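K.L.:
Sequence:
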Amino acid sequence: MGMARTPAYRGTAYVVFEDLPLGDYGNRIPQLSFEVFRPLADPDTAEGLTQAVTLIPASGEFAYATQGIRKGGGGAQVPENLNALPDTADMVVALDRLQAMAPAVESVSLVVAWFGDDLRAGDCTIRPGVEVSAKTTSPQTWSVNGVSRSAAHLVSRDDQDRPVYGGTPSDFAVVQAIKEMKARGLRVTFYPFLMMDVPPCNTLPNPYSDNAAGTGQPAFSWRGRITCSPAAGYAGSVDKTASAASQVAALFGSASPSDFAVSGETVSWTGASGDRGLRRMILHYAHLCAAAGGVDAFLIGSEMPGLTTIRSGASTYPAVQAYRDLLADVRSILGPGVSLGYAADWSEYFGHQPQDGSGDVFFHLDPLWADANTDFIGIDNYMPLSDWHDGFGHLDAQEGWPAIHDRAYLQSNIAGGEGFDWFYASPADRTMQVRTPITDGAGKPWVFRSKDLRSWWSSPHHDRPGGVESTTPTAWVPQSKPIRFTELGCPAIDRGTNQPNVLFDPKSSESFTPYFSRGWRDDAIQRAYLEATYLWWGKTANDPVSSVYGDRMVDVPECAAWTWDARPYPFFPALTDVWSDGANWRLGHWLTGRLGAVSLAALVRHLCLRAGLPESRIDVTGLWGAVEGYAITALESPRASITTLARHFGFDAVEAEGMIRFVMRGQGAVARVSPDDLVAAREGDVLELTRAQETELPQALKWQVARADEDYDAALVEARRITVDTTRIASEVFPMAVPPEEAERRCRRALMEAWAGRETAAFRLPPSRLALDPADVVTLEHDGRLTEFRLVSVADADARGIEAIRQDREAYDLPPGSPRPSSLSKAVVFGAPEAVLLDLPQLRENQPAHRPLIAAQAKPWPGEMAVFRSPSTDGFELLTSFGTRARTGTLVSDLWPGPISRFDFGNTLVIELQSGTLESVTDLTLFGGANALAVESAPGVWEIVQAGAAELIGPGHYRLTRLLRGQRGTEGAMGNPAPAGARVVVLDTVLASLPIAEADLGLPWNWRIGPASKPVSDETYVAQVFTSEGVGLRPFSVAHVEQPWRRPRTPGDLIIRWIRRSRALAADSWGGLEVPLSEELEAYEVEILDGAAVKRVLSTASTSAVYTAAQQTADWGALLGPGDTLDIRIFQLSALVGRGAPKTVTLTF
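Numbering follows this note's numbering, in which position 446 of the sequence shown is assigned residue number 446; successive positions increment by one, without gaps.
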């Protein structure tokens, strides 16, 4: 088209098609719909600020694979990691969405988990785990560190028999993930992770009990609780003894870099089979990352305060030294170009201050932080940024902060508040807000401030054994290493910033809601937390430059938000039948499904810019929250859009001092107005209160929004008042995608606003009250009571004329509605079919006799199967396609030989069908060919069996009786027996024949069968090597071979007689005088047998052959006579395929 001819559709998303193949759509233009994403990644939004994320789920056997993996077989394959799109792995979809929704992200931490099974360091084994011990997958199988599925740790199961964790990601999937992310230009940090698989009702000794005598450890707890046994602070503790060092050594194990064999991208364990320590896990992944082409950073561990604080002496920390040794080994594998570090818990990084009355203060991790191989100080930062309690009388509300979501409020607690200025000495103090200041008699309160990163980073560290400061500093050199927040996050739960480190996971003993949380979902608090944190650390004044390495203290571009998921939204969390932890998403730390929403502040700013306002006049800092999607119609003005948003979210726009300021409603009162403060007008009262008529107000309010997690289907929410004197119902439609539970909260707020706002006030204030602006809230004294009013207009003259509306602050602190589970379904994914090529006798007149049949079974059925063939392993050409699914199955039990030409009442045929049904038929229908099945007695050898009676004995299981065996000349194919598990194909009219030429018979061909919608190279094609021998052209065996003793004879020439059979379908007719001859010429061969050896071959053109006396004497030395026996084998000959089916008989004289 060229630039000069490109339409200038500014502000409009449009799609251009070039050479669209309409043949796939019936030569008509298809109906297409598109989802357009335009994330407003402004520099002050979470989308524009987040430069690094962690990537989970850490567990999931194939969660990180970038190629599709399927499990199962026999045509019944289901996807392991193809839940969003049928041809694209979940990992790829998730990364696509990450880069689209959070375009600022340039660094990803790949989290990969093994499993620990005990909180006692000396007894804990660390192994890769699997969800089930037996699973067939293709095209890749699971393996980690050379450990096979059957040898791996089997994760625990819940009360519904589901795995409580996914398995450890397979090594090949980890390699694929690293390569994929690096190919996208992302920096990769490898994050090994330890999950504790300690199920409920266990009987393990609890180290956190006196003498470790308590029975039962907490279920599925935090890895940070691994410690010595008994733990420090409990009777009998081994802390500060040599036994503690031994337990630490047992946990780490003795793996060395040389205990691994690397072959290409595969890393296997060659060390001692009993070594299941932490070193084996970490060194394995160091080798694997190197084999994958390298990573940018590597963590040697994370959040192990229970381990790193173990002492073998008064000031000796064996785990810290063990991590240093491990660090050196990892460096030897990955080289100097990879940044190495340890991710300490936010309560662990700054020191060990045991609460045992000793007064000890040790900077116990300083040997690790100062180690030459450590490149950064890793901190999993979940420090509290609020202390918000119920109601509006708690301390922080009294200080004037408008809401917990307020950015300035949250930022005031980053280097302030709890953990910096004060702490709570007990749970009771926390409830009553009795705050104890953090002080230090030595003048260094930062020693006890977990939030005082600046002082900790820039100061020398002096241990204080027994509370006495050492004159010698530790090995830490001030400002020598940058700090990285290796995790940074907040759960999307009410008051999540009060305690960001907790998570809601009902299966775990670590499941909690934050302090004073009411357990509501709150996406806005998570967004507010990220924006406040990243903006604060992005300011030069808060993030000083090191005099040692010349860069910032906190390496913000590498501060990774927890967390993005490789399971793409909205399929995770909606598909709980695939992922059992989906329910945890609502209140969890997940950014998927949240990051990429449109920030309300950014959206309003963009609308103002569209209206022509300069950015310098727009103030949206008073807004919070987001909308998952917003549609602006072509004829809608920016002002109309803002009005719609204000109605939905509950905010006001105020012009003051040349600025357009947007403010959320529900603010606290900024002033108190008494009657003495009012100015009388020339006429009328000083205060005019008006109450609207109830009948003018709605009894119910109904809102319609869209659901982003259900293809933007409409969702209706409702708020209703019960005991009111009105029946009016108001309805509104909002052009936005919003979670229904959040829309219901806002709808209730709007209804409460309407009823509270039926009371208005008009009064005048003196010019001295110039500070009051519209949207401010005042407490108005009148009639002996105090009422909050929100100012809606201010008119300045000789006095300030005020119009206000009553505010009920409770309306802005409502719970969300009940969650509405999504009915989203996963993508339809086609797997490789079970394809069976059958070389059988002719079954139908419309089927050329030489053509083999093909039977295919697949769940789900793709609609059309394509058949390709080639004489070599490439160059496949399409032969045919077919659209009918066969009924295939397997033998459940052995099938033994039986009689032919009459009913077999002695055998029972028990089969399992993958699809379809069978039913009993009458004898007349049976003799007409019904209920015919091919049973594979040996590879490529098929007996045709018919069954008159079919009994359903279980799902897909049938017991077949009244059998007719060896039909259509297949009596020689009976197995002895046909084994259980042998394939079975129902021979009905849906089976397709392969259109091959007679010249192709006897030639080996390579075949590929798969969905016609896929290319022949796709992994959904099954490959086979098959040679058609033209069984349909092969003459049947002869019948009724006459025994010599049936005719009087004397020794001499022997006439061997038989009856010819015909392969023609018309041969079964009783009307003909003789069965038709299906061959060009009638010819036979008779083999004279001596055991397995052939003595002689007799040829004849009729249904008899003469074995002369001379031939008998030559073969046996005498004529055959009474008492002798003779073994013979008779073949009818075909000009096309040679010998037919043999008939072997013993003649008795």
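Source of the hints: derived by calculation from the structure; they are not laboratory data. No experiment lies behind these values; they were computed from the predicted model shown. The beta carbon of each residue, even a glycine, is placed where N, CA and C say it ideally should be. Some hints could be false.
Said to hold, decoys possible - Taking lysine-lysine and the DSSO-like style, the derived pairs with C-alpha atoms no more than 27 Å apart in a straight line are: (1) K135 / K444; (2) K859 / K71; (3) K859 / K135.
Stated by the list, open to error - Computed spacing ranges between beta-carbons, pair by pair: (4) A1023 / P257: 37 to 47 Å; (5) S455 / A235: 15 to 25 Å; (6) A1083 / A1023: 35 to 45 Å; (7) T917 / A1083: 28 to 38 Å; (8) P473 / A235: 28 to 38 Å.
K.L.:
Confirm or reject each hint.
P.N.:
Do the hints match the structure? See the list:
For a cut-off of 27 Å, the pair hint linking K135 to K444 is broken: about 59 Å separates their Cα positions. For the given pair, K859 sits about 12 Å from K71 by alpha-carbon distance, which is consistent with the 27 Å threshold. Restraint check for K859 and K135: the C-alpha separation of about 17 Å stays at or below 27 Å, so the hint holds. Look at A1023 against P257: about 40 Å separates their beta carbons, and that is inside 37 to 47 Å.
Checked against the hint of 15 to 25 Å, the pair S455 and A235 fails, with Cβ atoms roughly 37 Å apart. The beta-carbon spacing between A1083 and A1023, approximately 39 Å, falls within the hinted interval of 35 to 45 Å. Take T917 and A1083: their Cβ atoms lie about 45 Å apart, and the range 28 to 38 Å is violated. Here the CB-CB span from P473 to A235 is close to 36 Å, well matched to the stated 28 to 38 Å.
Of the numbered hints listed earlier, those contradicted by the structure are 1, 5 and 7.
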